[in-house]
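Just so you know, the sequences run in chain order U and S. Counting along the first sequence from 1, when you hit position 211 you're at 211 in the UniProt record's numbering, and nothing is skipped either side. Counting along the second sequence from 1, when you hit position 40 you're at 40 in the UniProt record's numbering, and nothing is skipped either side.
Honestly, I wouldn't trust all of these hints.
Think about it this way: if two alpha-carbon atoms lie no more than 35 Å apart in a straight line, the pair counts; the simulated DSBU-like pairs of lysine-lysine are [stated by the list, open to error]:
#: 1; chain 1: S; residue 1: Lys177; chain 2: U; residue 2: Lys112
#: 2; chain 1: S; residue 1: Lys227; chain 2: U; residue 2: Lys163
#: 3; chain 1: S; residue 1: Lys116; chain 2: U; residue 2: Lys23
#: 4; chain 1: S; residue 1: Lys8; chain 2: S; residue 2: Lys110
#: 5; chain 1: U; residue 1: Lys23; chain 2: U; residue 2: Lys256
#: 6; chain 1: S; residue 1: Lys60; chain 2: S; residue 2: Lys116
#: 7; chain 1: U; residue 1: Lys256; chain 2: S; residue 2: Lys110
#: 8; chain 1: S; residue 1: Lys177; chain 2: S; residue 2: Lys227
#: 9; chain 1: U; residue 1: Lys23; chain 2: S; residue 2: Lys201
#: 10; chain 1: U; residue 1: Lys256; chain 2: U; residue 2: Lys112
#: 11; chain 1: S; residue 1: Lys60; chain 2: S; residue 2: Lys8
#: 12; chain 1: S; residue 1: Lys201; chain 2: S; residue 2: Lys116
#: 13; chain 1: S; residue 1: Lys177; chain 2: S; residue 2: Lys60
#: 14; chain 1: S; residue 1: Lys60; chain 2: S; residue 2: Lys227
#: 15; chain 1: S; residue 1: Lys227; chain 2: S; residue 2: Lys8
Simulated from the structure, these hints should not be mistaken for laboratory data.
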Amino acid sequence: MLNGVAAGSGYALMGIAMVIIYKTSEVVNFAQGEMALASVFFTYLILQNYGIPFVYAMPLAALFAVFVGCVLEFAVLRRARRQTTLGMIIVTIGLEMILMGLVSWKFGADHKVMPFPITEFDSIWLGGFYVTTLEAVTFSVVWAVMLGLFVFYRYTRLGLIMKATQQNRSAAKLMGVRTNRVLMFTWGLSSLVGCIAGLLLAPRSMEPFMMWDPMLKGFAGAVVGGMTSIPGAVFGAYFIGVVENLFGRYASMEFKSAVAFALIVIVLCVKPSGIFSRHYVKKV
Amino acid sequence: MNASLELKDVQTGYGLIQAVRGASFAVRRGSVTALLGNNGAGKSTLLKTVMGLIPGQPQKGEILLDGERINGMDTESIVRLGVSYVPENRAVFHQLSVQDNLIMGAHVRKDRRALKTDLERIYEFFPILADRVNQPAGTLSGGEQQMLAISRAMMSRPRLLLLDEPSLGLSPFLVRKIFHIIRIIRNQGVTILLVEQNVRKALAIADYALVMESGRLVSAGPSTDLKNDPRIKDFYLGLNIRETQEPSC
Ligand SMILES: Nc1ncnc2c1ncn2[C@@H]1O[C@H](COP(=O)(O)OP(=O)(O)OP(=O)(O)O)[C@@H](O)[C@H]1O
Ligand SMILES: [Mg+2]
């Protein structure tokens with residue numbers, strides 16, 4: 001159960017990242033995992049090779065992640081915006097492969113050890129049972145990110161502008177909003193959330209394929225949650241994390257991952273718009 | 001030059017359909033100018049062209065705002081130059097509250113301190129909106145949405161306001177109220193280009209009037225002249241008769 005919650009936390013962040021982009025641009029971003037991967041390896045590079053202290057490396061990593069998101073939106077997605085949904089999916093899959101290729105080429109495909117102050121093996125005593133420090137940190141960070149995003153969307157001016165742009169892009173333009181910049185920032189923000197997920201997963205296992213599975217599970221969680229709801233994505237991700245862990249323990253380890261996708265199929269059959277979706281009228 | 005907006009031989013099309021076939025006119029600064037015409041005449045298309053909302057259009061011609069060329073600019077930039085536009089469909093942000101819609105209207109404003117007094121003035125004027133400050137705009141009635149859309153357009157304190165059929169679908173009481181507001185906005189010094197089907201009311205409020213017919217401007221002049229123009233009379237009277245008959249049906 002606890003393992004499931006821990007795994008779910010990583011999925012949840014990936015799910016949130018994908019929801020942020022989907023809500024604004026209706027793009028399912030399959031490059032999400034590899035954008036995070038790039039940020040993780042950038043962090044590794046500055047920590048390991050340049051010896052930058054951890055406290056400085058974190059803000060640098062965040063900046064890098066935002067930068068990657070903005071650049072991809074500006075350089076690729078903006079050019080492809082006239083594409084169909086299907087075309088957009090191909091574009092993001094293409095990006096995914098390119099980013100993965102770049103990381104493998106630069107760093108090799110072998111496992112690395114992220115030089116973090118916390119390792120997978122530290123643990124803390126939490127009134128009754130031990131949890132690994134990493135799990136505790138991951139769990140807290142997910143909730144902090146969720147709370148942060150809630151406050152951002154609810155109480156800040158930029159949050160309001162992003163919501164307006166999400167709902168009706170041409171109306172936002174009529175208010176004088178530079179919607180292109182908003183979209184670019186959305187990708188930056190989403191990339192940042194993905195980067196946080198990546199950094200929390202890196203101490204467990206760090207190699208070029210590390211983000212693929214969490215991205216798919218996060219996507220699955222987001223779909224279960226309706227794809228446009230951040231709390232929905234978090235719920236969906238934890239749900240998948242817990243179910244696959246229980247399944248892995250008591251039924252079959254081999255099919256552990258497949259359970260996530262079986263779940264998506266079931267949810268989509270029963271409630272096509274996802275569990276948390278409000279009735280959404282598509283605007284033209 | 002005292003034209004706020006000037007169009008020179010503007011042509012707009014949708015693919016092969018030519019919707020505006022060469023329109024030239026000027027909207028005098030501080031005036032209310034009514035743009036009249038049958039369904040499908042190209043009035044909405046003209047406003048959208050001015051706002052830069054139709055990609056790649058106008059194909060030909062020039063659009064000048066206070067003497068500066070604005071065609072080819074993107075919508076955001078045109079709005080930032082002080083043009084507000086209320087489209088036919090009102091385009092309120094359905095899931096945002098009434099208040100947030102109004103705040104979005106003030107997006108381009110520099111003096112954000114005056115925002116609060118502007119909001120208060122709007123709530124004073126439209127008590128219905130004041131009652132629904134926190135309600136999502138999508139749950140408002142059509143008329144309420146129209147009031148919100150006009151109020152939101154005013155939050156940017158524009159110099160030029162383009163209104164596309166503001167009285168569409170409103171009860172007689174609200175129509176009177178909307179025209180009253182248009183008068184107040186004009187008295188604040190805002191130039192208004194008003195597309196209307198309610199010809200009588202539009203001519204009553206307008207200083208100038210333009211008439212379009214299948215993509216062409218067929219008449220232009222002071223609204224008092226237009227009322228007596230035989231070419232217009234047909235069109236005008238046509239609507240007039242329908243209006244006077246309405247109560248009996
Ligand atoms: N998106 C579009 N694609 C193709 N043709 C269009 C489009 N929008 C408008 N048209 C055509 O352009 C012409 C002018 O339309 P427009 O909406 O400007 O008329 P209008 O004068 O505003 O009419 P109404 O009074 O009914 O609102 C019409 O023949 C219409 O069919
Ligand atoms: Mg129209």
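So, against the hints stated earlier in the document, which numbers end up violated here? 1, 2, 6, 7, 9, 13
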